[in-house]
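J.: The opening position of the sequence shown corresponds to residue 1 in the numbering used here, with each subsequent residue numbered one higher.
It is worth saying that the hints were derived from the structure and are not from the lab. Nothing here was measured: the structure is a model prediction, and the numbers come from that model. Note that CB positions come from ideal geometry on N, CA and C, so glycine has one too. Among the hints, a few may not be true.
Beta-carbon label-pair distances, calculated as ranges [to be verified]:
1. Ser9 <-> Gly263: 20 to 30 Å
2. Asp109 <-> Arg260: 34 to 44 Å
3. Arg35 <-> Gly154: 20 to 30 Å
4. Gly55 <-> Thr151: 46 to 56 Å
5. Ser145 <-> Gly76: 28 to 38 Å
6. His174 <-> Asp266: 20 to 30 Å
7. Arg296 <-> Asp266: 24 to 34 Å
8. Arg260 <-> Gly55: 20 to 30 Å
9. Trp199 <-> His347: 14 to 24 Å
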Amino acid sequence: MSRQEHTKSEYDAIVVGGGLVGASTALALAQGGLRVALLDAQDLRSQAAHTPAAGKFDPRVSAITPASRRFLESLGVWAGVQQRRASAYTDMHVWEADGTASIHFSAYDIHAPELGHIVENGVLLSALYAVLAQTPAVDVLAPVSLQSLQTFPGPRSTDACRVTLTLEDGRELHSGVLIASDGARSKVRELAGFKTREWDYEHHAIVTTVRTALPHQATAIQRFMDAGVLAFLPLDDGEPEHAGHFSSIVWSVLPEQAERLLGLDDAAFARELEQAIEGRLGPVEELDKRFSFPLRQRHATDYVQAGIALVGDAAHTIHPLAGQGVNLGFLDADALARVILLARQRHLPLGSPHVLRRYQRQRIGHNLGMMWVMEGFRQLYADRPLPLRLLRNAGMSALDSLPLLKNRLMRAAMGVEVL
(Lines of atoms letter the chains of each structure in order from A; the text may use other names.)
(Lines give C-alpha, C1' and ligand atoms only; values in the text may rest on other atoms or scores of the structure.)
Protein backbone atom coordinates (compact mmCIF):
# COMPACT_ATOMS: atom_id res chain seq x y z
CA MET A 1 0.00 0.00 0.00
CA SER A 2 1.52 3.26 -1.05
CA ARG A 3 0.76 6.82 -0.11
CA GLN A 4 -1.08 9.16 -2.45
CA GLU A 5 0.84 9.81 -5.63
CA HIS A 6 -0.44 12.90 -7.40
CA THR A 7 1.28 12.02 -10.68
CA LYS A 8 -0.35 8.60 -11.11
CA SER A 9 -3.74 8.38 -12.79
CA GLU A 10 -3.92 5.06 -14.67
CA TYR A 11 -4.98 1.85 -12.88
CA ASP A 12 -6.13 -1.63 -13.79
CA ALA A 13 -9.00 -1.24 -11.32
CA ILE A 14 -10.34 1.52 -9.09
CA VAL A 15 -12.23 0.69 -5.89
CA VAL A 16 -14.32 3.47 -4.32
CA GLY A 17 -14.97 2.81 -0.64
CA GLY A 18 -12.27 1.60 1.72
CA GLY A 19 -14.36 -0.24 4.29
CA LEU A 20 -14.33 -3.97 4.91
CA VAL A 21 -15.64 -5.04 1.51
CA GLY A 22 -13.75 -2.43 -0.52
CA ALA A 23 -10.43 -3.08 1.21
CA SER A 24 -10.77 -6.85 0.74
CA THR A 25 -11.71 -6.40 -2.94
CA ALA A 26 -8.69 -4.19 -3.57
CA LEU A 27 -6.43 -6.64 -1.78
CA ALA A 28 -7.75 -9.66 -3.72
CA LEU A 29 -7.23 -7.87 -7.05
CA ALA A 30 -3.74 -6.64 -6.12
CA GLN A 31 -2.66 -10.07 -4.95
CA GLY A 32 -3.79 -11.33 -8.36
CA GLY A 33 -1.41 -8.96 -10.12
CA LEU A 34 -3.50 -5.83 -10.77
CA ARG A 35 -2.56 -2.24 -10.05
CA VAL A 36 -5.37 -0.87 -7.88
CA ALA A 37 -6.44 2.52 -6.52
CA LEU A 38 -8.49 2.40 -3.30
CA LEU A 39 -10.40 5.62 -2.59
CA ASP A 40 -12.20 6.67 0.56
CA ALA A 41 -13.54 9.85 2.13
CA GLN A 42 -11.66 8.95 5.34
CA ASP A 43 -8.03 7.98 5.71
CA LEU A 44 -8.31 4.53 7.26
CA ARG A 45 -4.62 3.64 7.05
CA SER A 46 -4.10 4.45 10.72
CA GLN A 47 -6.42 1.48 11.43
CA ALA A 48 -3.46 -0.84 10.75
CA ALA A 49 -1.96 0.08 14.13
CA HIS A 50 -5.23 -0.33 16.04
CA THR A 51 -4.93 -2.61 19.07
CA PRO A 52 -8.13 -3.53 20.93
CA ALA A 53 -8.09 -2.80 24.66
CA ALA A 54 -9.19 -5.31 27.29
CA GLY A 55 -12.82 -4.79 28.24
CA LYS A 56 -13.39 -2.22 25.47
CA PHE A 57 -15.14 -3.24 22.27
CA ASP A 58 -16.16 -1.65 18.98
CA PRO A 59 -19.97 -1.21 19.05
CA ARG A 60 -20.27 -2.61 15.51
CA VAL A 61 -19.45 -6.29 15.15
CA SER A 62 -19.89 -8.92 12.44
CA ALA A 63 -20.71 -12.61 12.71
CA ILE A 64 -18.00 -14.00 10.43
CA THR A 65 -18.98 -17.29 8.80
CA PRO A 66 -16.53 -20.06 7.91
CA ALA A 67 -16.90 -19.04 4.24
CA SER A 68 -15.85 -15.46 5.04
CA ARG A 69 -13.03 -16.73 7.24
CA ARG A 70 -11.66 -18.80 4.34
CA PHE A 71 -11.74 -15.73 2.08
CA LEU A 72 -9.85 -13.69 4.67
CA GLU A 73 -7.39 -16.56 5.10
CA SER A 74 -6.74 -16.55 1.35
CA LEU A 75 -5.82 -12.85 1.61
CA GLY A 76 -3.48 -13.42 4.55
CA VAL A 77 -5.76 -11.37 6.81
CA TRP A 78 -7.30 -13.90 9.19
CA ALA A 79 -4.11 -14.52 11.16
CA GLY A 80 -4.05 -10.80 11.99
CA VAL A 81 -7.69 -10.93 13.05
CA GLN A 82 -6.95 -13.76 15.47
CA GLN A 83 -3.88 -11.98 16.84
CA ARG A 84 -6.06 -8.98 17.63
CA ARG A 85 -9.35 -10.49 18.82
CA ALA A 86 -11.98 -12.90 17.49
CA SER A 87 -14.62 -14.66 19.58
CA ALA A 88 -15.62 -18.11 18.36
CA TYR A 89 -19.17 -19.21 19.06
CA THR A 90 -20.28 -22.82 18.98
CA ASP A 91 -24.02 -22.58 19.63
CA MET A 92 -27.03 -20.42 18.88
CA HIS A 93 -30.24 -20.45 20.88
CA VAL A 94 -33.34 -18.81 19.41
CA TRP A 95 -36.67 -18.55 21.15
CA GLU A 96 -39.98 -16.84 20.77
CA ALA A 97 -41.44 -14.23 23.10
CA ASP A 98 -44.36 -16.42 24.13
CA GLY A 99 -41.84 -18.87 25.54
CA THR A 100 -43.49 -21.90 23.94
CA ALA A 101 -40.98 -22.67 21.18
CA SER A 102 -37.23 -22.54 20.62
CA ILE A 103 -34.46 -23.78 18.34
CA HIS A 104 -30.95 -24.71 19.34
CA PHE A 105 -28.16 -24.83 16.75
CA SER A 106 -24.87 -26.47 17.69
CA ALA A 107 -21.61 -26.83 15.78
CA TYR A 108 -21.31 -30.24 17.42
CA ASP A 109 -24.32 -31.48 15.43
CA ILE A 110 -22.56 -30.85 12.11
CA HIS A 111 -19.09 -31.89 13.33
CA ALA A 112 -17.70 -28.35 13.04
CA PRO A 113 -15.37 -26.65 15.55
CA GLU A 114 -17.58 -23.53 15.64
CA LEU A 115 -20.51 -21.86 13.89
CA GLY A 116 -18.47 -18.72 13.30
CA HIS A 117 -16.66 -15.85 14.99
CA ILE A 118 -17.95 -12.56 16.36
CA VAL A 119 -15.39 -9.95 15.31
CA GLU A 120 -15.41 -6.21 15.85
CA ASN A 121 -15.46 -4.26 12.60
CA GLY A 122 -12.51 -2.21 13.86
CA VAL A 123 -10.48 -5.40 14.30
CA LEU A 124 -11.32 -6.53 10.76
CA LEU A 125 -10.32 -3.14 9.34
CA SER A 126 -7.09 -3.15 11.32
CA ALA A 127 -6.09 -6.59 10.03
CA LEU A 128 -7.01 -5.67 6.44
CA TYR A 129 -5.05 -2.42 6.45
CA ALA A 130 -2.05 -4.11 8.05
CA VAL A 131 -1.86 -6.41 5.01
CA LEU A 132 -2.61 -3.54 2.62
CA ALA A 133 0.35 -1.68 4.12
CA GLN A 134 2.56 -4.48 2.79
CA THR A 135 0.91 -4.47 -0.66
CA PRO A 136 2.64 -1.97 -2.98
CA ALA A 137 0.22 -2.69 -5.84
CA VAL A 138 -2.54 -0.79 -3.98
CA ASP A 139 -2.47 3.02 -3.85
CA VAL A 140 -4.73 4.28 -1.07
CA LEU A 141 -6.01 7.73 -2.00
CA ALA A 142 -7.62 9.22 1.09
CA PRO A 143 -9.24 11.37 2.15
CA VAL A 144 -10.74 12.17 -1.26
CA SER A 145 -14.21 12.95 -2.55
CA LEU A 146 -15.67 11.87 -5.86
CA GLN A 147 -17.11 14.67 -7.97
CA SER A 148 -18.12 12.93 -11.20
CA LEU A 149 -17.57 9.87 -13.33
CA GLN A 150 -17.76 9.09 -17.02
CA THR A 151 -17.84 5.76 -18.80
CA PHE A 152 -16.89 5.21 -22.42
CA PRO A 153 -18.23 1.78 -23.39
CA GLY A 154 -17.68 0.07 -26.70
CA PRO A 155 -20.54 -0.78 -29.07
CA ARG A 156 -20.54 -4.49 -28.14
CA SER A 157 -20.91 -6.22 -24.78
CA THR A 158 -17.50 -7.83 -25.23
CA ASP A 159 -15.71 -4.50 -25.82
CA ALA A 160 -13.47 -2.76 -23.33
CA CYS A 161 -14.80 0.19 -21.36
CA ARG A 162 -12.96 3.30 -20.25
CA VAL A 163 -13.88 4.86 -16.89
CA THR A 164 -12.77 8.34 -15.81
CA LEU A 165 -13.24 9.62 -12.26
CA THR A 166 -12.92 13.29 -11.40
CA LEU A 167 -12.12 14.07 -7.77
CA GLU A 168 -13.13 17.27 -6.00
CA ASP A 169 -9.48 18.39 -5.94
CA GLY A 170 -9.48 18.29 -9.76
CA ARG A 171 -7.49 15.09 -10.26
CA GLU A 172 -8.64 12.58 -12.84
CA LEU A 173 -8.20 8.82 -12.51
CA HIS A 174 -8.64 6.32 -15.33
CA SER A 175 -9.30 2.59 -15.42
CA GLY A 176 -11.00 -0.19 -17.32
CA VAL A 177 -13.17 -1.14 -14.36
CA LEU A 178 -14.63 0.75 -11.39
CA ILE A 179 -15.85 -1.09 -8.30
CA ALA A 180 -18.32 0.64 -5.99
CA SER A 181 -18.06 -0.42 -2.36
CA ASP A 182 -19.04 2.94 -0.93
CA GLY A 183 -21.92 1.78 1.21
CA ALA A 184 -25.69 1.89 1.30
CA ARG A 185 -25.79 5.50 0.07
CA SER A 186 -23.30 4.83 -2.71
CA LYS A 187 -22.37 7.93 -4.68
CA VAL A 188 -21.00 5.79 -7.51
CA ARG A 189 -24.33 3.98 -7.75
CA GLU A 190 -26.14 7.31 -7.85
CA LEU A 191 -23.83 8.94 -10.42
CA ALA A 192 -23.96 5.87 -12.66
CA GLY A 193 -27.76 5.73 -12.55
CA PHE A 194 -28.22 2.25 -11.08
CA LYS A 195 -31.83 1.60 -10.05
CA THR A 196 -32.70 0.17 -6.63
CA ARG A 197 -35.67 -1.30 -4.82
CA GLU A 198 -35.86 -0.32 -1.18
CA TRP A 199 -38.20 -0.25 1.75
CA ASP A 200 -38.17 0.92 5.33
CA TYR A 201 -38.35 -1.73 8.07
CA GLU A 202 -39.87 0.93 10.35
CA HIS A 203 -37.47 -0.25 13.04
CA HIS A 204 -34.28 1.10 14.55
CA ALA A 205 -31.36 -0.99 15.77
CA ILE A 206 -29.79 -0.19 19.13
CA VAL A 207 -26.24 -1.49 19.51
CA THR A 208 -23.92 -1.55 22.51
CA THR A 209 -21.65 -3.85 24.51
CA VAL A 210 -22.57 -5.28 27.90
CA ARG A 211 -20.98 -7.37 30.63
CA THR A 212 -23.30 -9.85 32.30
CA ALA A 213 -23.11 -11.70 35.60
CA LEU A 214 -23.41 -15.11 33.94
CA PRO A 215 -21.08 -16.29 31.14
CA HIS A 216 -22.42 -16.65 27.60
CA GLN A 217 -20.65 -20.02 27.12
CA ALA A 218 -19.82 -19.17 23.48
CA THR A 219 -23.53 -19.13 22.64
CA ALA A 220 -25.30 -16.51 20.55
CA ILE A 221 -28.87 -15.94 21.71
CA GLN A 222 -31.80 -14.32 19.95
CA ARG A 223 -35.26 -13.63 21.24
CA PHE A 224 -38.06 -12.83 18.80
CA MET A 225 -40.65 -10.44 20.17
CA ASP A 226 -43.70 -8.89 18.57
CA ALA A 227 -42.03 -5.47 18.58
CA GLY A 228 -38.63 -6.64 17.31
CA VAL A 229 -35.64 -8.92 17.81
CA LEU A 230 -32.97 -8.89 20.51
CA ALA A 231 -29.61 -10.60 19.93
CA PHE A 232 -26.71 -11.15 22.33
CA LEU A 233 -23.52 -11.97 20.41
CA PRO A 234 -20.73 -13.49 22.55
CA LEU A 235 -17.45 -11.59 22.92
CA ASP A 236 -14.21 -12.50 24.65
CA ASP A 237 -11.40 -10.04 25.40
CA GLY A 238 -8.99 -12.80 26.39
CA GLU A 239 -8.77 -11.66 30.01
CA PRO A 240 -9.38 -14.50 32.52
CA GLU A 241 -10.96 -12.07 34.98
CA HIS A 242 -14.12 -11.67 32.91
CA ALA A 243 -13.78 -14.33 30.22
CA GLY A 244 -17.08 -15.09 28.55
CA HIS A 245 -19.05 -12.30 30.21
CA PHE A 246 -19.10 -9.68 27.43
CA SER A 247 -21.71 -9.58 24.66
CA SER A 248 -22.48 -7.27 21.78
CA ILE A 249 -26.19 -6.58 21.58
CA VAL A 250 -28.36 -5.67 18.61
CA TRP A 251 -31.90 -4.74 19.58
CA SER A 252 -34.37 -4.06 16.77
CA VAL A 253 -37.30 -1.98 18.01
CA LEU A 254 -39.91 0.49 16.79
CA PRO A 255 -38.62 4.08 16.41
CA GLU A 256 -40.61 5.39 19.38
CA GLN A 257 -39.34 2.54 21.55
CA ALA A 258 -35.77 3.24 20.43
CA GLU A 259 -36.16 6.86 21.46
CA ARG A 260 -37.46 5.81 24.88
CA LEU A 261 -34.70 3.23 25.44
CA LEU A 262 -31.97 5.66 24.41
CA GLY A 263 -33.37 8.20 26.87
CA LEU A 264 -33.03 5.86 29.86
CA ASP A 265 -30.09 6.07 32.21
CA ASP A 266 -27.69 3.11 32.18
CA ALA A 267 -29.22 1.39 35.20
CA ALA A 268 -32.76 1.56 33.80
CA PHE A 269 -31.65 0.40 30.34
CA ALA A 270 -29.73 -2.50 31.89
CA ARG A 271 -32.88 -3.59 33.75
CA GLU A 272 -34.96 -3.47 30.56
CA LEU A 273 -32.31 -5.46 28.73
CA GLU A 274 -32.21 -8.10 31.45
CA GLN A 275 -36.00 -8.42 31.38
CA ALA A 276 -36.10 -8.61 27.58
CA ILE A 277 -33.61 -11.50 27.59
CA GLU A 278 -35.58 -13.13 30.43
CA GLY A 279 -32.60 -12.97 32.77
CA ARG A 280 -30.79 -15.79 30.97
CA LEU A 281 -27.39 -14.14 31.47
CA GLY A 282 -28.15 -12.69 34.87
CA PRO A 283 -27.96 -8.97 35.69
CA VAL A 284 -26.25 -6.60 33.26
CA GLU A 285 -23.29 -5.38 35.32
CA GLU A 286 -21.61 -3.05 32.83
CA LEU A 287 -22.92 -1.12 29.86
CA ASP A 288 -21.11 0.76 27.10
CA LYS A 289 -22.39 3.76 25.15
CA ARG A 290 -25.53 3.09 23.10
CA PHE A 291 -25.91 3.85 19.40
CA SER A 292 -28.97 3.67 17.15
CA PHE A 293 -29.58 3.63 13.41
CA PRO A 294 -32.66 3.13 11.19
CA LEU A 295 -33.10 -0.15 9.34
CA ARG A 296 -33.77 -0.21 5.61
CA GLN A 297 -33.55 -2.92 3.01
CA ARG A 298 -32.16 -1.98 -0.37
CA HIS A 299 -31.24 -3.96 -3.48
CA ALA A 300 -29.88 -2.79 -6.82
CA THR A 301 -31.85 -4.26 -9.72
CA ASP A 302 -28.51 -4.75 -11.51
CA TYR A 303 -25.06 -5.08 -9.98
CA VAL A 304 -23.14 -4.19 -13.14
CA GLN A 305 -23.06 -2.01 -16.20
CA ALA A 306 -20.30 -1.30 -18.69
CA GLY A 307 -17.16 -0.59 -16.67
CA ILE A 308 -18.81 -0.60 -13.21
CA ALA A 309 -19.64 -3.25 -10.60
CA LEU A 310 -21.37 -2.84 -7.23
CA VAL A 311 -20.35 -4.89 -4.18
CA GLY A 312 -21.45 -5.09 -0.56
CA ASP A 313 -23.87 -2.51 0.78
CA ALA A 314 -23.66 -0.54 -2.47
CA ALA A 315 -25.46 -3.50 -4.08
CA HIS A 316 -27.63 -4.71 -1.18
CA THR A 317 -28.43 -4.04 2.46
CA ILE A 318 -30.36 -6.45 4.65
CA HIS A 319 -31.77 -6.65 8.15
CA PRO A 320 -28.98 -7.27 10.72
CA LEU A 321 -31.05 -10.17 12.10
CA ALA A 322 -28.44 -12.84 11.32
CA GLY A 323 -25.34 -10.68 10.94
CA GLN A 324 -25.09 -11.70 7.28
CA GLY A 325 -24.47 -8.27 5.73
CA VAL A 326 -20.67 -8.29 5.70
CA ASN A 327 -20.59 -11.99 4.82
CA LEU A 328 -22.59 -11.32 1.67
CA GLY A 329 -20.18 -8.47 0.93
CA PHE A 330 -17.11 -10.69 1.34
CA LEU A 331 -18.69 -13.27 -0.98
CA ASP A 332 -19.29 -10.47 -3.52
CA ALA A 333 -15.66 -9.37 -3.24
CA ASP A 334 -14.35 -12.91 -3.68
CA ALA A 335 -16.60 -13.64 -6.67
CA LEU A 336 -15.87 -10.34 -8.44
CA ALA A 337 -12.11 -10.63 -7.93
CA ARG A 338 -12.14 -14.17 -9.33
CA VAL A 339 -14.14 -13.07 -12.39
CA ILE A 340 -11.87 -10.10 -13.10
CA LEU A 341 -8.64 -12.04 -12.58
CA LEU A 342 -9.86 -14.86 -14.82
CA ALA A 343 -10.67 -12.28 -17.50
CA ARG A 344 -7.15 -10.90 -17.13
CA GLN A 345 -5.69 -14.39 -17.63
CA ARG A 346 -7.79 -14.81 -20.78
CA HIS A 347 -6.83 -11.34 -22.09
CA LEU A 348 -10.44 -10.13 -21.95
CA PRO A 349 -11.44 -6.52 -21.18
CA LEU A 350 -11.91 -6.38 -17.40
CA GLY A 351 -14.85 -3.99 -17.45
CA SER A 352 -16.78 -5.33 -20.42
CA PRO A 353 -20.44 -6.15 -19.71
CA HIS A 354 -19.75 -9.69 -20.91
CA VAL A 355 -17.18 -10.19 -18.14
CA LEU A 356 -18.96 -8.34 -15.33
CA ARG A 357 -22.28 -10.10 -15.91
CA ARG A 358 -20.61 -13.34 -14.84
CA TYR A 359 -20.20 -11.79 -11.39
CA GLN A 360 -23.83 -10.67 -11.33
CA ARG A 361 -25.06 -14.14 -12.30
CA GLN A 362 -23.02 -15.69 -9.49
CA ARG A 363 -24.16 -13.35 -6.74
CA ILE A 364 -27.55 -11.78 -7.36
CA GLY A 365 -29.63 -14.93 -6.82
CA HIS A 366 -27.84 -15.87 -3.59
CA ASN A 367 -28.14 -12.35 -2.19
CA LEU A 368 -31.82 -12.08 -3.09
CA GLY A 369 -32.47 -15.46 -1.50
CA MET A 370 -30.85 -14.37 1.76
CA MET A 371 -32.79 -11.09 1.69
CA TRP A 372 -36.10 -12.89 1.26
CA VAL A 373 -35.27 -15.33 4.05
CA MET A 374 -34.54 -12.40 6.38
CA GLU A 375 -37.72 -10.63 5.29
CA GLY A 376 -39.69 -13.83 5.84
CA PHE A 377 -38.37 -14.11 9.40
CA ARG A 378 -39.20 -10.47 10.05
CA GLN A 379 -42.76 -10.87 8.77
CA LEU A 380 -43.18 -14.16 10.60
CA TYR A 381 -42.31 -12.55 13.92
CA ALA A 382 -44.24 -9.35 13.44
CA ASP A 383 -47.25 -8.78 15.69
CA ARG A 384 -49.75 -11.50 14.79
CA PRO A 385 -53.12 -12.75 16.14
CA LEU A 386 -52.97 -15.57 18.69
CA PRO A 387 -53.88 -18.41 16.25
CA LEU A 388 -51.03 -17.42 13.93
CA ARG A 389 -48.62 -17.14 16.85
CA LEU A 390 -49.54 -20.67 17.94
CA LEU A 391 -48.99 -21.94 14.39
CA ARG A 392 -45.65 -20.12 14.25
CA ASN A 393 -44.56 -21.68 17.55
CA ALA A 394 -45.54 -25.13 16.31
CA GLY A 395 -43.43 -24.58 13.20
CA MET A 396 -40.39 -23.58 15.26
CA SER A 397 -40.77 -26.62 17.51
CA ALA A 398 -41.13 -28.87 14.46
CA LEU A 399 -37.96 -27.45 12.89
CA ASP A 400 -36.01 -28.07 16.09
CA SER A 401 -37.09 -31.72 15.96
CA LEU A 402 -35.94 -32.21 12.33
CA PRO A 403 -32.14 -32.46 12.54
CA LEU A 404 -31.52 -32.96 8.80
CA LEU A 405 -33.37 -29.77 7.84
CA LYS A 406 -32.03 -27.83 10.82
CA ASN A 407 -28.45 -28.83 10.06
CA ARG A 408 -28.86 -27.89 6.40
CA LEU A 409 -30.10 -24.44 7.43
CA MET A 410 -27.11 -24.17 9.76
CA ARG A 411 -24.62 -25.01 7.01
CA ALA A 412 -26.31 -22.55 4.64
CA ALA A 413 -26.01 -19.77 7.22
CA MET A 414 -22.33 -20.67 7.63
CA GLY A 415 -21.80 -20.29 3.88
CA VAL A 416 -20.75 -23.92 3.41
CA GLU A 417 -23.92 -25.11 1.65
CA VAL A 418 -26.51 -23.60 -0.67
CA LEU A 419 -30.17 -24.06 0.19
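J.: None of the hints should be skipped; say for each whether it holds.
T.: Results of checking the hints against the structure:
1. Ser9 <-> Gly263: 20 to 30 Å: Because 51 Å falls outside the window, the suggested range is violated.
2. Asp109 <-> Arg260: 34 to 44 Å: 39 Å, holds
3. Arg35 <-> Gly154: 20 to 30 Å: 22 Å, holds
4. Gly55 <-> Thr151: 46 to 56 Å: With a Cβ separation near 49 Å, Gly55 and Thr151 satisfy 46 to 56 Å, so the hint holds.
5. Ser145 <-> Gly76: 28 to 38 Å: Holds - the Cβ-Cβ distance for Ser145 and Gly76, about 31 Å, lies within 28 to 38 Å.
6. His174 <-> Asp266: 20 to 30 Å: Cβ of His174 to Cβ of Asp266: about 53 Å, so the range 20 to 30 Å is violated.
7. Arg296 <-> Asp266: 24 to 34 Å: With Cβ atoms ~29 Å apart, the hint holds.
8. Arg260 <-> Gly55: 20 to 30 Å: 28 Å, holds
9. Trp199 <-> His347: 14 to 24 Å: 43 Å, violated
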